[in-house]
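Protein chains in written order, with the working numbering: chain W, 1 to 395; chain P, 1 to 395; chain G, 1 to 395; chain V, 1 to 395.
These aren't lab readings, by the way, just hints derived from the structure by calculation.
Note that the structure is a prediction, hence the values are computed from the model and not measured.
Hints may contain errors.
[Claimed, not checked] Between beta-carbon pairs, the in silico distance windows are:
id, chain 1, residue 1, chain 2, residue 2, range
1, G, Lys-149, W, Asn-150, 31 to 39 angstroms
2, P, Asn-321, V, Asp-205, 26 to 34 angstroms
3, P, Gln-254, W, Glu-17, 20 to 28 angstroms
4, W, Ser-169, P, Glu-25, 49 to 57 angstroms
5, P, Glu-20, W, Glu-20, 52 to 60 angstroms
6, V, Glu-2, G, Gln-254, 33 to 41 angstroms
7, G, Gln-254, P, Lys-258, 31 to 39 angstroms
8, P, Thr-160, V, Arg-250, 40 to 48 angstroms
9, V, Asp-145, W, Asn-150, 55 to 63 angstroms
10, P, Gly-11, W, Thr-383, 26 to 34 angstroms
11, P, Lys-42, G, Tyr-151, 46 to 54 angstroms
Beta carbons are placed, not taken as given, at the ideal position from N, Cα and C, and that holds for glycine.
Protein chains: 4
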Amino acid sequence: MEEILKKVLNGEIKLHEIQEHCEQEKAIDIRRNAVEELSGVKLKHVGSYTINLPAVTGRNIDSPIGVVQVPVGVAGPVKVKGDHADGTYPIFLATTEGALVASVNRGCTAINGAGGARAKILKDEMTRAPVFKTKSITDSVQFVDWVQKNYAEIKKEAETNSRFTRLHSITPFYIGRNVWLRFAYETGDAAGLNMVTIATQRAVDWIMANQKFAKIVALSGNVCVDKKASGLNFVLGRGKSVVAEVVIPRSVVQKVLKCTPEEFVEVNYRKNMLGSILANALAFNAHQANIIAAAFIALGQDAAHVVDGSMGVTTAEVEENGDLYVSVTIPALYVGTVGGGTRVETQRELLEAMKVKSSRELAEVIAVAALAGDISLIGALATGTLAQAHAKLGR
Amino acid sequence: MEEILKKVLNGEIKLHEIQEHCEQEKAIDIRRNAVEELSGVKLKHVGSYTINLPAVTGRNIDSPIGVVQVPVGVAGPVKVKGDHADGTYPIFLATTEGALVASVNRGCTAINGAGGARAKILKDEMTRAPVFKTKSITDSVQFVDWVQKNYAEIKKEAETNSRFTRLHSITPFYIGRNVWLRFAYETGDAAGLNMVTIATQRAVDWIMANQKFAKIVALSGNVCVDKKASGLNFVLGRGKSVVAEVVIPRSVVQKVLKCTPEEFVEVNYRKNMLGSILANALAFNAHQANIIAAAFIALGQDAAHVVDGSMGVTTAEVEENGDLYVSVTIPALYVGTVGGGTRVETQRELLEAMKVKSSRELAEVIAVAALAGDISLIGALATGTLAQAHAKLGR
Amino acid sequence: MEEILKKVLNGEIKLHEIQEHCEQEKAIDIRRNAVEELSGVKLKHVGSYTINLPAVTGRNIDSPIGVVQVPVGVAGPVKVKGDHADGTYPIFLATTEGALVASVNRGCTAINGAGGARAKILKDEMTRAPVFKTKSITDSVQFVDWVQKNYAEIKKEAETNSRFTRLHSITPFYIGRNVWLRFAYETGDAAGLNMVTIATQRAVDWIMANQKFAKIVALSGNVCVDKKASGLNFVLGRGKSVVAEVVIPRSVVQKVLKCTPEEFVEVNYRKNMLGSILANALAFNAHQANIIAAAFIALGQDAAHVVDGSMGVTTAEVEENGDLYVSVTIPALYVGTVGGGTRVETQRELLEAMKVKSSRELAEVIAVAALAGDISLIGALATGTLAQAHAKLGR
Amino acid sequence: MEEILKKVLNGEIKLHEIQEHCEQEKAIDIRRNAVEELSGVKLKHVGSYTINLPAVTGRNIDSPIGVVQVPVGVAGPVKVKGDHADGTYPIFLATTEGALVASVNRGCTAINGAGGARAKILKDEMTRAPVFKTKSITDSVQFVDWVQKNYAEIKKEAETNSRFTRLHSITPFYIGRNVWLRFAYETGDAAGLNMVTIATQRAVDWIMANQKFAKIVALSGNVCVDKKASGLNFVLGRGKSVVAEVVIPRSVVQKVLKCTPEEFVEVNYRKNMLGSILANALAFNAHQANIIAAAFIALGQDAAHVVDGSMGVTTAEVEENGDLYVSVTIPALYVGTVGGGTRVETQRELLEAMKVKSSRELAEVIAVAALAGDISLIGALATGTLAQAHAKLGR
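Chain W extracted, bound-state conformation:
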């Protein structure tokens, strides 16, 4: 072990090559030791982990040196009345932002005071859109015609790799003579990003072997579109498109949120509507990204997908009887209960403790958590307590 470390330090062996010279587990220690030697900083806590890091090396992480420990808090439990989620769920949030868990918890109290929140999945499709180029728009249109005529074959090819991958449709988009084919799939309980990449690669391979109109430029042509806020996904949806809503009795609003429904609606209107309009924001909510980020990290989801999840609209209205209606609409929430980071033991434990049986159930619960978060923050702004909360908790 000493010897390998020496070679790493003098550059004979690179950091990512260590496991070629010893067991994975040892490689992790040597790599961390090398970093320690090079920096002169002891990575005591980074090296203190209980998960089976060698087991996920390659699948979830490369060139590992250990872990970061992210604090997890619990909010709720919150009552959800969805099509897939039906019951009372704890909300696990991994974050280092003080006040966040407390804030979501207060929102859950308001929702529970209303008898729970409804949730509904409007659409559930994962997409991948390779970009092709042709010699002219004429060829592009012929290419798309050819694809449509050969849809059955393409579908067969795309679905070969996994029985959970089901191709729903291929939609063409054009700029000049460039063509994007947006493949939309069902992906079972996986978020499905890797599944659709592999399936689309197979489909593209078959397409390239069987026609001469178009050349493939890139398997992902940014019309999928992944890890970016985008109008296209906002309009068409990607992953789970979810709505969560609740009617909170006036008395509950006043007791839990310390404001009136009218004050709440005013903040939502001037901040989340007009403010986001002015800022050209692709998000018309208070802090949906916060809750999604914390839930994603806790539950083994891809944290970069917080970008897509951040898009969404919070509406607030005073009902005729004076109660408060609040909804969140999240067009592109990507979650899975299998695959990706859900294999890591800490994340797996939390997923199991939530008792969600499907990715759709998970999506509905996270949407309600986001609803809880926005209810609490908008209420706090309406009563002017935001800065106080941060002053007390944040530093």
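Following the hints, complete the assembly by docking chains P, G and V onto the known chain W.
Just chains P, G and V now, with coordinates in the frame of chain W:
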């Protein structure tokens, strides 16, 4: 301890109230035990942590039950030639996406083969924009005039709370009779979100006490704008606005990336330009969010700020001599070397092992890491190896 | 006549009520006289018209006082090789911007030097999207289900008013409990805005009479969306979605545009790609709106639809043999050869002189005109002659 | 004359070269005759004009053949209480859309019933943004530093051409190593597009003669940005940024608009806020573009600038006493009372009959006209009369 747990389980004590009945450390265990009892799931790994969780409770987490362990890999080291970062830096990435660290590492190899990447911070300001309402646009304009006349007093109030908070400017924005005052601050080595919230609250309190034109609606009016992709931040910048760039010799491109500069440029043009244009995306890059997310989680930054960080433009051009120029421009990167999650031991260790002495140095290194990530992925797409990488590593 | 004028001047008769007291033709004169009296300004030219103004009063104009004369120039003729347009067409442009016709003409010369431009209509649908509200997302989904089940009946109702109106589809969109139903129609050779408004009103009337889930809020809910630049229309198309393209031989580029293909491509890349990206523009072209505006005014189209037409992408690439490829993609071009302003004699004459037999033929020709305009302006920028042109011609 | 025509028809003389062979006036007739011969269509009305077409040839039109006559209606007069406009103004609208003038007129009635509308110009600057490239971001920053150091000289150069052109500022924007310098000017009573083009060309010429950091790519780099909807102009403003607003007494709303303030606000909220949000529209109003287009054509403004003018936000709120507050905010309205199409006699007459003495006065009146238009259409939607109006008037 048993007694408190019993009261929690029967609802007498709520999950977030436990620490009122015992020490913080015990409260964490009781809370986790309660979740275990309620779910029937053992949180063995969640409860296995070495960080001082009680110490950050309240400041970084509420109602904690333990931690999630997120695998950390190391890429690089990569050579950075910035105004603040000057040297060779390891890139720590906390992620569960297979192939990500390896991909960034390959990009670092290409950058190192070019003698390193330049990085530059173009702007560095953290903002907060309260929204006010008045009776009419006439009052709104008078209000703004008043604010400008009283700028010195307002600045004094805003800067009272911390010697690191320096107000740079207040810019007014209008829709109808609504006014947003966008406060822009220098915040030292903190990302500064809490600092500017507290400072702006003080300023607003003073404003409200001293004029009658306007009423405050919300301390944050979504023109700040935080944890949302937005045209306003894309244009005006927020936090660190950074550019990183590199000219990679043709031979290095071909050897490391297995493609020609021309093929690389074509993928960038049809995917990151045309594809993102078609998708109405607020991000013209390949997967900048991935690298930022992984670095943020590893280094104790706010993961929800990946949304803002995801915005950015990758350009690629063939130089006259046939070499490859690549740049990333990130208008809204929020990072700090103090405050927030940088206190947690694992994150602190990694920050120290990076040897960054300021938030600007950190920003420059992360920008180069994002550059490395995009170089590698675009190269992989150009050679058609994306799906293969995922097929091998991801599942 | 004197008597009526007197009553108008003393306020007894309002400007829009005059025709209730005399013939339409006289009413126009009296109304203009009243404006002259009130302002003390003689409207000699405004009153000098040859079109049958009384005949279009009510249908195309209310409370008329005369006309404005907008100068019309002719560019081209240009060779178009489209699916609907096949031949050589004059381009009529009504404008007061000096250099515009000359610029388009130069572009036509370049296109003709290439043997003409290809054009293709990718989609042709006019839409209207009423917005409904319900009590909850549950009701919203039930409402949409009901609409889908009753599609045949709704289609029948929508198509009753005109045999040219054919309903293609109804697509639902949601925010919270609000539902937009985007009706997409074929509208023959009319631009179709009024047709789809009337058809959708009938459909909505039938819907409101036959279900109880939803309440109609507005017949047009801004998801149509009309006279606004929008990502939704950019992605989904509205009216005619057209592409025009041309490969210009290198020698023609150099002779006509006085620049190289490489210089042309560089301007397009840094201005129309990067510049528009930086500006958060919903238009990635040089001045497409200019040509569309001038053609629309000349040909009796709705000038406010220039907004929708302005969206579009110009691509430019150097072919392997050194020639220049240029394309324009216009996702939302609304044109008709019947209805609207095409009835007015001057506009009718120009439409007839163009010899276009269908709205699709017209759309293809206008797309090529836009291509010509962008080719010329980008060329001018590449050779640095823009300001000179304006200095000479504009003032 | 016959001889020249013959040469035109056989291609010896091109359509745009005719005036080289005869007087301008004759050239117009010959050119029109040539079009008639080529098409077999008589352009009787197109050739019937009273404006001095030869006089504007070159300055406002090239290769003229005559004019189109666009019907002009009058709405109002409407009472405006602005900083520049103070009094009662007729609204001249050149359009072929039935119901438009009547609709604006109804809005004027509502506004007059409220005692008039307030209007205010928040900003007034015309911009032009050339794009430069350098070898690296380091050079780009040095270039910008150099520009800032030499600001006085650059300003002098830019202002040489016209005493009405005053440079306010130069703001740099970056993507990678590209730099845009956004020049912002005061332009007197001209809309100023040509002025700023010429001024900026001079400035750029001086810059290029005096430094070596940067190369000019294009005089207009789409960060100006002109004739495109854009977030940058929405946020920063261009031309006149105007707000108009009115508080309409409840009784007037009910009498004139046949709806309640609450119904009006609901339509505005679900259509102009939520609908435009869903559509990713860069316009949060009902049909502002309609009024601006019709006023621009009537008053000699550039019709392609309707695109920029279309961006804007309409807000509607119920006041505490039950009255209705409505506002329009138009960030980028470009109007002039001199230059451009204001020279044409019909347009000039209408401008004079409006009695506006400055471009700012004109901007305030047009903003109030847009307010009137939106008030009327939103009211019509609230009472369900939109389709009826179109059915009666449109066809």
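For this session: Could you tell me whether the CB distance from Gln-254(P) to Glu-17(W) stays inside 20 to 28 angstroms?
Result: Between Gln-254(P) and Glu-17(W), where Cβ atoms are some 22 angstroms apart, the hint holds.
For this session: Note whether the CB distance of Lys-149(G) and Asn-150(W) lies within 31 to 39 angstroms or breaks it.
Result: Given about 33 angstroms between the Cβ atoms, the range holds.
Problem set entry | Range agreement (Cβ of Glu-25(P) with Cβ of Ser-169(W), hint 49 to 57 angstroms) | Distance hint for Ser-169(W), Glu-25(P) holds at roughly 54 angstroms.
Exercise. Honestly, do Gln-254(G) and Lys-258(P) meet the 31 to 39 angstroms range at C-beta?
Worked result: holds, 36 angstroms
For this session: Hint says 55 to 63 angstroms; check whether the CB-CB distance for Asp-145(V) and Asn-150(W) agrees.
Result: At roughly 58 angstroms between Cβ atoms, Asn-150(W) and Asp-145(V) fall inside 55 to 63 angstroms, so the hint holds.
Problem set entry | Gly-11(P) versus Thr-383(W) beta-carbon gap, inside 26 to 34 angstroms or not | holds, 27 angstroms
Problem set entry | C-beta pair Glu-20(P), Glu-20(W): status relative to the range 52 to 60 angstroms that was hinted | Check passed, 54 angstroms falls within 52 to 60 angstroms.
Exercise. Measuring from beta carbon to beta carbon, are Glu-2(V) and Gln-254(G) in 33 to 41 angstroms?
Worked result: holds, 38 angstroms
For this session: Given the hint of 26 to 34 angstroms, check if Asn-321(P) and Asp-205(V) actually sit that far apart at their C-beta atoms.
Result: Roughly 30 angstroms apart at Cβ, these two residues keep to the hinted range, so it holds.
For this session: Take a look at whether the Cβ-Cβ distance between Lys-42(P) and Tyr-151(G) falls inside 46 to 54 angstroms.
Result: Check passed, 52 angstroms falls within 46 to 54 angstroms.
Problem set entry | Beta-carbon spacing of Thr-160(P) to Arg-250(V) - inside the hinted bounds 40 to 48 angstroms or not | With a Cβ separation near 46 angstroms, Thr-160(P) and Arg-250(V) satisfy 40 to 48 angstroms, so the hint holds.
The structure fails none of the hints (numbered hints given earlier).
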